[in-house]
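A.B. asks: Spelled out, the chains give:
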Amino acid sequence: MTVHNLYLFDRDGVCLHYSEWHRKKQAGIPKEEEYKLMYGMLFSIRSFVSKMSPVDMKDGFLAFQTSRYKLHYYETPTGVKVVMNTDLGVGPIRDVLHHIYSGLYVELVVKNPLCPLGQTVQSELFRSRLDAYVRSLPFFSARAG
Amino acid sequence: MAIFSVYVVNKAGGLIYQLDNYAPRAEAEKTFSYPLDLLLKLHDERVLVAFGQRDGIRVGHAVLSINGVDVNGKYTADGKEVLEYLGNAANYPVSIRFGRPRLTSNEKLMLASMFHSLFAIGSQLSPELGSSGIEMLETDTFKLHCFQTLTGIKFVVLADPRQGGIDSLLRKIYEIYSDFALKNPFYSLEMPIRCELFDQNLKLALEVAEKAGTFGPGS
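So the protein lines, in turn, are chains C and X. 141 is the number that numbering that gives the first Met the number 0 gives to position 142 of the first sequence; each next residue is one higher, with no gaps. 92 is the number that numbering that gives the first Met the number 0 gives to position 93 of the second sequence; each next residue is one higher, with no gaps.
So here's chain X without its partners, still in its complex pose (with noise of 0.2 Å):
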């Protein structure tokens, strides 16, 4: 599997579907001794860690979860505030998991209103005549695929750097798009996508793209 996730962003920068297909799993799971050898810091609403890397935990990791206990936000599933917990040195040898911060809903949707933004930038910085906005963006860990339509609607698609057969798909997108969504009487343009027969159609390109691009991580 490759394919991370796809966005749908409107003509105005709005998110209007959002997929999460496949989330790698980097997480660690230490057990620590009173007292804490890392330092935590609240942002976001989430516990980070600002200093202290070591075994697989990285700067930016968020508190998953304490003695197998999920953590959300700041605070645990029981209740209990994450650092004022940690902070206590009665409750310790303690088993904290750390990893990725999942993105929230509302961090998805200013990151969509944000490439719109970068999308356009980069049509105007071009030192060549008639440039589209960014097409393809390119990093160690994965590359960012995006198609706009005649009509504006911008097509992303993030997937492993080694994964083939992406224009493709994302013609295909556009198609289950049109079909499912726009075909659909109760859709209202622009507005968010919530049609069962577009997530199924979607979720099979998916599966079939990832199967065809020649290049997985796994194989």
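Next comes chain C alone, as it looks inside the complex (with noise of 0.2 Å):
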């Protein structure tokens, strides 16, 4: 099992975080693109979803997979995007989204006095702890490390 990257979106479409590990292919286009490619589909698919729903929804989009990767989705009531892409294996990381959300970037994003909300995140301390949590998750595997 593995993961490939992780994508930190605000309530916007800023593009807060992008981290990858085990990434195999590059979409192609500019990095800037590609974010803004991410974030777009990812609003579609909400608007897409609350149409298609028989019922209403509470938490809605929560993951889609294709025949590689699996992507896993997730926001808080403030439009935060927490979004994480693994392979096949991985089941429901609603938890693991949700801690990077309250024990990583409110802990060390919000709470900093130092970081501007809306923009890029410069902290070497939300990277490097990111990096550790990820690397610490259960399903992510050291091969190709």
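Source of the hints: derived by calculation from the structure; they are not laboratory data. Hints may contain errors.
Said to hold, decoys possible - Chain X is faced by these chain C residues, among others (derived, beta-carbon under 7 Å): (1) G12; (2) P29; (3) S52; (4) H97; (5) H98.
Said to hold, decoys possible - Straight-line alpha carbon distances no greater than 20 Å define the calculated SDA-like cross-link-like pairs of lysine to any residue that follow: (6) C:K24 - X:S131; (7) C:K30 - C:F42; (8) C:K35 - X:Q123; (9) C:K35 - C:Q25; (10) X:K171 - X:L196; (11) C:K57 - X:A22; (12) C:K30 - C:S135; (13) C:K35 - C:V54; (14) C:K50 - X:E26; (15) C:K50 - X:V58; (16) C:K24 - X:E26; (17) C:K50 - X:A22; (18) C:K50 - X:A49; (19) C:K57 - X:G51; (20) C:K57 - X:S131; (21) C:K50 - X:H42; (22) X:K73 - X:D43.
Backbone N, C-alpha and C define an ideal beta-carbon position, used for all residues, glycine too.
Reconstruct the complex from the two isolated chains, following the hints.
C.D. replies: Have a look at this one:
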């Protein structure tokens, strides 16, 4: 099992943080464009799903999978979106994404007066803690580290 | 019953078949006195709740009937405009039934082509080589399963998250499509499927799949 990459978006679609671990293929477009494409896709999926749903939804969109990877999605009531791509063997990881938000982003970025909100997170502490947390996950494999 | 609907999308993203197999009823009826303590608004020719969620009536629900008379769009079946009728104190007390608005055929066409693009973007943003598009999309109320054939036709099934056996159902639908749409001499490729045998066999396959899938909402 593997973690490929992780995106963190704020409510306006700004990519606050991006990191990758085992990513074999790049999208073939500049990173900034890729963030926009990813955010746009999630935005559309959200509206698609809320229209398609036969009953009223609570959490809404949770995850999708293709033949090669699985995208996990978590959104807070304030509109911060945590997106993690893993391989197909990983089950529901809502608690992990929630921890990245509440245990790392809120603690190290929102509560840090030196980190301006609404732009890419510069905090080295946040980056290293996030990296350590993701590497410690049970489904993060060390292969090709 | 746990398979909600089936969509067939051609390789250009056009919807060529749609079937609503089962729609759970989420409706709430309540008697109101003047003034109405909900804020209603007109959206896409429908009267929706904009504010004042209560008693099972949720924001986004549409007015389905007033005093037992059905509402079509912004008019009641007997030709009165809904917002005008509800704004008049003389008509109260009034009993209004709310529920999730049904998708119109235009919306279904739009959603099908929207999924077509999401499918393509899903494969473009893949971190792994050789990825297909979205095969399964999970939400808390339903799962969307998609199977794309080699010729580019997409079969999409919306089912309860606990419903099993959808992968074999998708292949079965492909088989039914090949047998009863493609082999029908009056069917033209990429065009909407209007074949009686296709309809019948699809409904049969859905019934079988619902029974075979181990966990339905009723179990």
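A.B. asks: Are the hints correct? Go through all of them and say.
C.D. replies: We went through each hint and held it up to the structure:
1. G12: violated, 15 Å
2. P29: violated, 14 Å
3. S52: Since chain X brings a Cβ to about 5 Å from C:S52, closer than 7 Å, the hint holds.
4. H97: Violated. Min distance 15 Å.
5. H98: violated, 19 Å
6. C:K24 - X:S131: Given pair C:K24, X:S131 holds - Cα atoms ~13 Å apart, limit 20 Å.
7. C:K30 - C:F42: holds, 18 Å
8. C:K35 - X:Q123: holds, 13 Å
9. C:K35 - C:Q25: Measuring from Cα to Cα gives roughly 15 Å; hence the hint holds.
10. X:K171 - X:L196: holds, 14 Å
11. C:K57 - X:A22: Judged against 20 Å, a Cα distance of about 18 Å means the pair holds.
12. C:K30 - C:S135: violated, 26 Å
13. C:K35 - C:V54: Judged against 20 Å, a Cα distance of about 30 Å means the pair is violated.
14. C:K50 - X:E26: Judged against 20 Å, a Cα distance of about 17 Å means the pair holds.
15. C:K50 - X:V58: holds, 13 Å
16. C:K24 - X:E26: violated, 47 Å
17. C:K50 - X:A22: holds, 14 Å
18. C:K50 - X:A49: holds, 16 Å
19. C:K57 - X:G51: holds, 17 Å
20. C:K57 - X:S131: It is violated: about 29 Å lies between the C-alpha atoms, which goes past 20 Å.
21. C:K50 - X:H42: The hint holds at about 14 Å.
22. X:K73 - X:D43: holds, 9 Å
The structure fails hints 1, 2, 4, 5, 12, 13, 16 and 20 (numbered hints given earlier, in ascending order).
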